[in-house]
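Undergrad: Sequence:
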Amino acid sequence: MVEKLSIPATLNLVLTDQWNIREEGRGVLEIDGDSITTSIPAYKGEPGAPGDPGRDGLPPRFREPVTEAELPDPAYLSPSDMGWFWPIVGTTDVVTYNGLDLVRIEDYFGSRGPAGPAPKVQVGTVKVGPVPAVTVVDDPANSAATLSFILPEPREGKTGPRGEVGPAASIEDSTDYDDHGTPAAAGTVLTKHSDGTWYPDTPQLSPGVIKKSGADSDWKALDSGLNWSGDTMQVVIVTVPAQQFPWEPEVFGNIDVKCDGIGLVVDAEVRLGAASGPLVAKGAGDQNEKILGEWKTLTIVPAADGTTPLGASNTTVAAGASVDLYLLLRRRYSSTGITVKSRKDNGFLRIKVEPVVVDA
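One gets the numbering used here by counting positions in the sequence shown from 1 and adding 172 to each.
Check the hints yourself; a few may be wrong.
Calculated lysine-lysine pairs in the DSSO-like style (CA-CA distance at most 27 Å, straight line) [to be verified]:
| hint | residue 1 | residue 2 |
| --- | --- | --- |
| 1 | K330 | K383 |
| 2 | K430 | K364 |
| 3 | K430 | K462 |
| 4 | K299 | K392 |
| 5 | K462 | K383 |
| 6 | K462 | K513 |
| 7 | K392 | K468 |
| 8 | K292 | K383 |
| 9 | K468 | K383 |
| 10 | K392 | K462 |
| 11 | K392 | K524 |
| 12 | K330 | K392 |
| 13 | K516 | K392 |
| 14 | K430 | K330 |
| 15 | K513 | K430 |
| 16 | K383 | K299 |
Because the hints were derived from the structure by calculation, they are not lab data.
This structure is a prediction, so every number in the text was calculated from the model and none was measured.
Turn these sequences into a full structure, and let the hints steer you where they fit.
TA: Printed below as a string of structure tokens:
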């Protein structure tokens, strides 16, 4: 007969996880007063076979940002909606669907960082070569990059079709036109100004010629008398009225002269402004070889008694000024007492007013 012994106690189970339990095949029960401790063999199985591969994870896919009230109802979502992210307007949070419910991920995007330094890009060398290429040299310390280019060799393109004729343009509308306060009028021409603009201007055309006939009463028939010792005698004075522009006199003419005296030479001269003014025309006489000379016609043509550069002539008449031209007979040289005469026959002067450009 077996009696049951009941002892109040606390049962502590210690699972021994060790490989040699199979060899021992037993457990241990320890009774210490009212405490019982037991060691129970725990067998560890061999590793199982690898399971089936799991499905690939889904990359995040983003919908348009929505407010919380616009989030979809999970009841109407399907497994195909897994992996979708809905950014929440006004926050850095997103909401995603895990197949069962919507899950909010706070601060998904993070807060915006401070603005970084502006990048600096500069062009290095630019060459033409058979193989196009771009070389970049970074300078991280200065947030800069240098780009060098090898460009393809240019090829001549085909001539394109001719475009349509554009509308007629007005000269006054041109960007380089400036009338300088004087509108264009009939007879004006387009002239380029010193500042590079074009403007209307009246061309400096000659107004014509002034003619003086030897038959006029103020044209003198001269007679020096015997043994004349002077240098000049005045034949006539011709006044040219003021012009609106600077000009040069261009003088042609004739005068008949008779000289008595061996070796005598007398010239006809036209001088500007005074009998001693600059020479503008001359009729050169021949040397007389006889005591009693003959009547000869001196042909007067433009002449000069000095050298001046272009645009700075000493015979230029200023705009707005009238001027007198003096026709003289001048003894060039002689060795004996002389007599000089002139007559009105064949005498004339033809004076052309020739506009000129004067250097400022």
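Undergrad: Next, verify each hint and record whether it holds.
TA: Hints and how they fare:
no.	hint	result
1	K330 - K383	violated, 65 Å
2	K430 - K364	violated, 54 Å
3	K430 - K462	holds, 11 Å
4	K299 - K392	violated, 85 Å
5	K462 - K383	violated, 34 Å
6	K462 - K513	holds, 15 Å
7	K392 - K468	holds, 17 Å
8	K292 - K383	violated, 80 Å
9	K468 - K383	holds, 22 Å
10	K392 - K462	holds, 25 Å
11	K392 - K524	holds, 22 Å
12	K330 - K392	violated, 80 Å
13	K516 - K392	holds, 7 Å
14	K430 - K330	violated, 81 Å
15	K513 - K430	holds, 5 Å
16	K383 - K299	violated, 73 Å
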